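Chains as they are written, first to last, in the numbering used here: chain Z, 1 to 362; chain B, 1 to 176.
Calculated from the structure, these hints are not laboratory results. Values in this document were obtained by computation on a predicted structure and should not be read as measured data. Beta carbons: idealized from backbone N, C-alpha and C, even for Gly. There's no promise every hint is true.
Unchecked claim - The calculated label-pair distances, taken between Cβ atoms and stated as ranges, are: (1) Z/LYS30 to B/LEU74: 54 to 64 Å; (2) B/GLY39 to Z/ASP278: 51 to 61 Å; (3) B/PRO113 to Z/ASP28: 45 to 55 Å; (4) B/TRP9 to Z/PRO284: 52 to 62 Å; (5) Z/LYS47 to B/TRP9: 55 to 65 Å; (6) B/GLN135 to Z/TYR202: 12 to 22 Å; (7) B/LYS47 to Z/ALA239: 36 to 46 Å; (8) Z/ALA59 to B/GLY131: 27 to 37 Å; (9) B/ASN64 to Z/LYS185: 26 to 36 Å; (10) B/LEU74 to Z/LYS194: 52 to 62 Å.
Said to hold, decoys possible - Straight-line Cα separation of at most 30 Å, BS3-like style, residue types lysine-lysine; simulated pairs: (11) Z/LYS30 to Z/LYS52; (12) Z/LYS205 to Z/LYS336; (13) Z/LYS311 to Z/LYS286; (14) B/LYS93 to Z/LYS286; (15) Z/LYS30 to Z/LYS336; (16) Z/LYS52 to Z/LYS286; (17) B/LYS93 to Z/LYS311; (18) Z/LYS47 to B/LYS93; (19) Z/LYS51 to B/LYS144; (20) B/LYS93 to Z/LYS316; (21) B/LYS93 to Z/LYS52; (22) B/LYS144 to Z/LYS30.
As the list claims (entries may be wrong) - In silico contact screen, one side only, chain Z against chain B (beta carbon under 8 Å); selected entries: (23) GLN12; (24) CYS65; (25) ALA69.
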Amino acid sequence: MGKKTIIPFGPQHPVLPEPVHVDLVVEDEKVIEAIPQIGFIHRGLEKLVQKKDFMQFVAVTERICGICAFGHSMGYSETIEILMGLEIPKRAQYLRVIWHELSRIHSHLLWLGLLADGFGYENLFMQCWRLRENVLGIFEKTTGGRVIFSACNVGGVTQDIEDGDLKGIVAILDGMRSEYEELLKTFLYDSSVKNRLSGIGYLSKQDAESLCLAGPFARASGLVEDCRLDGYGGYGDLAAFEPVLSEDGDGHARCEVRAREVYQSMDIIAEMVSKIPDTPISLPVKGMPGAGTAAVHHVEQPRGESFYYAKGNGTKFLSRFRIRTPTSHNIGGMTKILQGCDLADVALNILTIDPCISCTER
Amino acid sequence: MSSTIKSPWIIHYDASSCNGCDIEVLACLTPQYDVERFGIINTGNPKHADILLVTGSVNERNINVVQQIYEQMLEPKVVIACGICATTGGIFKECYNTLGGIDKAIPVDVYAPGCAVRPEAIIDAVVIGLGILEQKRTALEQGKLVSEKSADCVTAADKIVDGQTVRAAALKITKG
Ligand code: SF4
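The following block holds chain Z by itself, in its conformation from the complex (with noise of 0.2 Å):
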């Protein structure tokens, strides 16, 4: 055995689009502890509900995460509808799980290409990055904004998408599935994707129950955890909902897990659409929420459960918003694979579970 190492990792650091900070504790060339160091994104943006209004709010809340935008967005006006007990239209409902899963299969577009480039594969980010364009277009004719769109407020949503549109937008998705296909097939069947992804970080499903582990990451090692599953909003006329899971529990389990998971989000979409009411999008807020009222709701995001609480007051300020998302319960997931990996896998190993650093540091 060698001697004990201390190699700094972050928080600039060109696998890292995120500034985040992991001291890994070395032997030769495995690593035996990480310890992970956070904060270099806290802005502290729950306490601009106090000087924010419950309305004004929802546009912080979509830029917690300019990935899960929209989620974020939607949660929270979710939990201000549960406080106030305003039923909103069913057409507001689908439409924003139609723009949720759109943002779902733009997220993982998005990972599964950061992905390549951590294992060298620059023509298959590339590729992926491509396709994900198509999708942010559909946000841009939708709603003007590409990656922040403010599209979702607290009684419903701010613009419709007529018919003609939708059906545009399944078809564009529908062009995407064979070139989707493609990539597919080569981040599950390739054999140099396998070679560099099978194996590594392997986390068992005690474990991933244990550390309360959420979202891909955690199905990926066979544990079912899908809030889509409590059929919140639009969810809940689903004809049928499978979670995605794979019981292998290691890089390429959870590569195919999101991967496999972009399909289930056009399906999603194409049902949404076919069903879709004519109703209004929204509904006009009157009063605030009460005094000594509180509502907690979750909404599963691309990385996992986000779990949100808001506390009335009788004014227009809420006196207390909270949110716990995906990443910071996985972190503790990632020090556990990070442990006995390879220093040459710490980058991919961090990859794999898709950590969010600005959703956990608000």
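Assemble chain B with the ligand onto chain Z, guided by the hints.
Frame of chain Z, contents of chain B with the ligand only:
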């Protein structure tokens, strides 16, 4: 015109951004916008980079990191603030842990506002930045470039670097 501005290398650092701007910076490098056409390459090494793209605002924890990356880059160098957060602090300006725009930490040459900043705006900013890079390079060759230190930018940094006076960040090339 020098070779530097025909193939500027960029380095990207995420100060406390929400990722919205980061993914747009990355989107510039991928097929839809493909800035590699202009010889622009993304690098992770500050010593190799000519242009620093910063997204997000500075806070107590990352101000040193931003300054360190800036100091490690070799002259001539250009800093571009991407997004309204990097420009002024944006929507997070009132947050307790936000000190403000990037210019509180290091001298900024070009501002590209927008929330999220559009890839077109980033490309425009880089093109403007190239002009400044060329000016700085010429000044450097003639020995007239005054290197700016991050400590020159003291608006908020004076909490960290004491004893410095406030100076507005702008392109400074001495005459004569
Ligand atoms: S400018 Fe907007 S999109 Fe960019 S980092 Fe700030 S909040 Fe996010």
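#### Entry: Contradicted hints - numbers only
Hint check: 1, 5, 6, 7, 9, 10, 11, 19, 22 fail, others pass.
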